[in-house]
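Student: Each chain, written out:
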Amino acid sequence: MSDDAAPAAMTPDALRREFDAAFAAPPRPPNRDVVSLLGVPIARHAYALRIHGLARLEVARRIVPVPGRSPALLGLAGLRGQLMPVFSLTVLLGHPRDAQAPRWFAVQGGEAPVALALESCSGFQSVPRADVSPVEDPALRARHITEAARVGPSHWWIIDLASLLQDLAAKGGPATR
Amino acid sequence: MTGSQTFGRKLAKGFGATLALTLLLGAVSLTLLHRTITMSADLVEDTTQDLIDAEKLQTAVDRIATEGRTSLANRDPRRAQAIATAHEEAVVLVTSLGRIVHSEEERGQVDAIRKAELEYRDALNRVLESSKDRSAEASLKMFEDEVQPKRDVLEQKIAAFLDREFRSFDAWKRSTADADFWAYAILLSLMALIVFAAVVVSVVLVRTLTRELNAAIQNVQSSSSELEASANQQATGAKEAATAVSEITTTISELLASSKQISESAQRVAQIAGETATGARAGDQTIQKAQELVGGIKRQVDVIVNQMLDLGRKSQRIGGVLEIINELAEQTNILAINATIEAAGAGEYGKRFSVVAEEIRRLADRVGGFTKEIRELVEETRAAVNATVMATESGSKAVDAGERQFSDVTSSFKHIAGLVSTTSEAVREIELSTRQQATAVEQVNAAIADVAQATRETEASASQTLQTATQLTTLSRNLSALVKTSSNGSR
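The listed protein sequences derive, respectively, from chains A and B. The opening residue of the first sequence carries number 1 in the working numbering; numbering runs sequentially from there. The opening residue of the second sequence carries number 1001 in the working numbering; numbering runs sequentially from there.
If we strip away everything but chain A, and leave its shape as in the complex, we get (with noise of 0.2 Å):
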C-alpha cells in the first residue's frame, strides 16, 4: 500500500514530469509528524512494526534448527556476520505457524540482535500520528498490540516491538549467544 495516487491514475508522462519536478523542487524537510510502519499481515491480520525499532530489514536466509523453550523459535541464522536466533513472529504474536517459509528478517538490533520471520510485507506506510491511537483492548494489549494506526480504510495493529522482545526474554527465550 501506499500513500501516493493510485498506480492506474497514473501514466507514463505523469510519472516523468513528476519525477523531472522532483529535482526541480527544493527539497523537503522531513516529516517528523508521521509514523513510518512496515505492514505485516499475519493470519489475516494487518499487523505493523515501527520502522525505527528495526535495525535493518533482510531477506530470509537458511534457518539452522536449534532446539529451545520457546515455540516460536525457528532457529538460528547468519545475517552479516552475525549469528542470531530467528523467531516466528506468527507464533509469537500466538497465531499458528505460517506453512509457508518466511520471507523476510526484521532484525533488532542491540546487545542481542533478533531475528523476526515474516513470511510477507504488506508495504511501508507513513501514517500521521493523529491517526495512530492506542489500543485499549487487554487481550491485545497481551499480544503486544498497544497501538493501532488508521490507514485508508483499515487499521494496522501496531506491535510494541520492545514489550514483545521483553516477553520472550523473561521466557528465557533469546538471548543465547
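Hints are not guaranteed to be accurate.
[Said to hold, decoys possible] With beta-carbon atoms standing in for the labels, derived distance ranges:
(1) B/Glu-1359 <-> A/Pro-138: 37 to 43 Å
(2) A/His-95 <-> B/Glu-1376: 26 to 32 Å
(3) A/Ala-169 <-> B/Glu-1359: 36 to 42 Å
(4) B/Glu-1376 <-> A/Leu-83: 39 to 45 Å
(5) A/Met-10 <-> B/Ser-1407: 54 to 60 Å
(6) A/Glu-58 <-> B/Arg-1313: 29 to 35 Å
(7) B/Ala-1384 <-> A/Ala-43: 30 to 36 Å
Worth flagging that the hints you see were computed from the coordinates, not collected in a lab. Glycine residues also receive a C-beta, built at the ideal position from the N, C-alpha and C atoms.
Put chain B on the given structure of chain A with help from the hints.
Tutor: Chain B alone, transformed into the frame defined by chain A:
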C-alpha cells in the same frame, strides 16, 4: 321276361313277339293267299288261255271254213294261203292247248282236237284239191259233205273241250271255295291264336312293365323328391353363395380400393423415399462438407488453443518478469526502508538521505503498486487466458467430441443413407408388390365377378332344377296315377 332285362328290351321282346306272330300270320296269310292266287292265276290263266285258244281255234276253224267256201265258191287260189295260214294258226293253237294239260281227259281232248283238226284240214285240202276238178257247187257240196262234218266234229271237240274247261273251272271254283274256307279257318285260328298270344304278351308285358314302371316311378318320385330337396338346398346354397359372393365382391372391391390406396401410398412413399435418398445423399455431401468444416474448426481451435497456450506461457513469462520486477520493487522498498532506518539512525546527518530514501521508497511503492496492478492484469489475463484456454480446450474437446460425434453422425448418416437406399429399394419392391397385389386383386375381383355370375347362373340353374324336379315329381305322380289306372284297367 326276366327282371334283369331292360324296359326297352322287354318292350322290344313283347313287340317282337307280337310282331313275330303278326309276321307269322302275315306269312301264313301270304302263303295261303299266294298259293290261292297262284293256283287261281295259273288255273285262270290256263283256263283263260285254253278258252282263248279254243275260241281262236274255233275262229280259225271258222275262217278256214269261210276261206274254204270262199275259195271253193270263187275258185280263188289266193285263198289257199289264207287257209294255210289259218291251218297253221290252228295247229299252233292246238299245240298251245296241249302245252298245259291238267288231266288225261284234257290231254285226250286236245289230242282229239288235234286229230279232228288234222282230219278237217285233210278233208279241206282234199276238197280243195278236188275242187280243181269240180265245180264250185260240187266243191261246195263236197265241202258240206266232207269238210263240214269234220268241222262239226272239230267244233264238237272244241266245244267239248270248252265244256270241260268250264266244268273244270267250276270244279276249281268249288275247290277254291273250300280252300278259301280252310284258309279263312286257318287264318282265323291263327289270328285268334296270335291275338291270344298278343294279349297274353301284352298282359304280361303290361304287368311286368307296370311293376317295373311303378318301381321306376317310385324311384323317380323319391329321386325327384331328393332332387327337389337337393335343388332346394342347391338353390338355397346358391343364394347364400351369391350373397357370400356379393359380400366377397364388396370386400374385394374394398380390398381393391385399399390396395390401390396402398399402392398409391407406396408410390408416394417410394417417391418420398427417393427424395429422402436424394436428400440423404445431399445430406451426406453436406455432412462431409460440415465434417470438413468441423475439421477446419478443430484445426482453428487447435491453433487458437496453441496460441492461447502460447499466450498463457507468455503470460507466465510476463508473470515471471513481473515477479522479478515486483521482487525488485520489494527489494528496492526494503532497501529504501533500510535506508530510512539507517537515515533515522544517522540522526541529523541522515535527514536528507531519509528524504531520498523516502523518495526511493515511494518510487518502490509505485513500482510495487504498478507491479501489483500489472500482476492483477496479468493474473486477470492469465485467468482469462486460462479460462479461454480451458474454454478453448473445452471447446476443442467439444469440437473433438463434436468431430467424433460428427464422424459418428456421418457414419450414422451414411448408414441411414444406406438404410434409406435399402428402404427405397424395399419401398419400390413394396410398391411393385402392392401394384401386383392390386392387379391380382383386380384379377380376383374379375374372377369373383365371374364366380358371382356363375353363382347367379347356378342359382338360376338350381331354380330351374328345382322347377324341373317339381315338374318331375308332378310328372311321376301323374305317371304313377296313370300306371295305377292302367293297372286297374288291365285287371
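Student: Each of the hints needs a verdict: does it hold here or not?
Tutor: Against the structure, the hints:
Judged by the Cβ atoms, the range 37 to 43 Å given for B/Glu-1359 and A/Pro-138 holds: they are separated by roughly 41 Å. A/His-95 and B/Glu-1376 have their C-beta atoms about 27 Å apart, which keeps the hinted 26 to 32 Å range intact. Hint check: A/Ala-169 to B/Glu-1359, Cβ distance near 37 Å, so the stated range 36 to 42 Å holds. Checked against the hint of 39 to 45 Å, the pair B/Glu-1376 and A/Leu-83 passes, with Cβ atoms roughly 40 Å apart.
At roughly 55 Å, the beta-carbon separation of A/Met-10 and B/Ser-1407 lies within the given 54 to 60 Å, and the hint holds. In this structure the hint that A/Glu-58 and B/Arg-1313 lie 29 to 35 Å apart at CB holds, the actual value being about 34 Å. Between B/Ala-1384 and A/Ala-43, the C-beta spacing of about 31 Å keeps the proposed range 30 to 36 Å intact.
Going down the numbered hints, you'll see the structure goes against none, and every one checks out.
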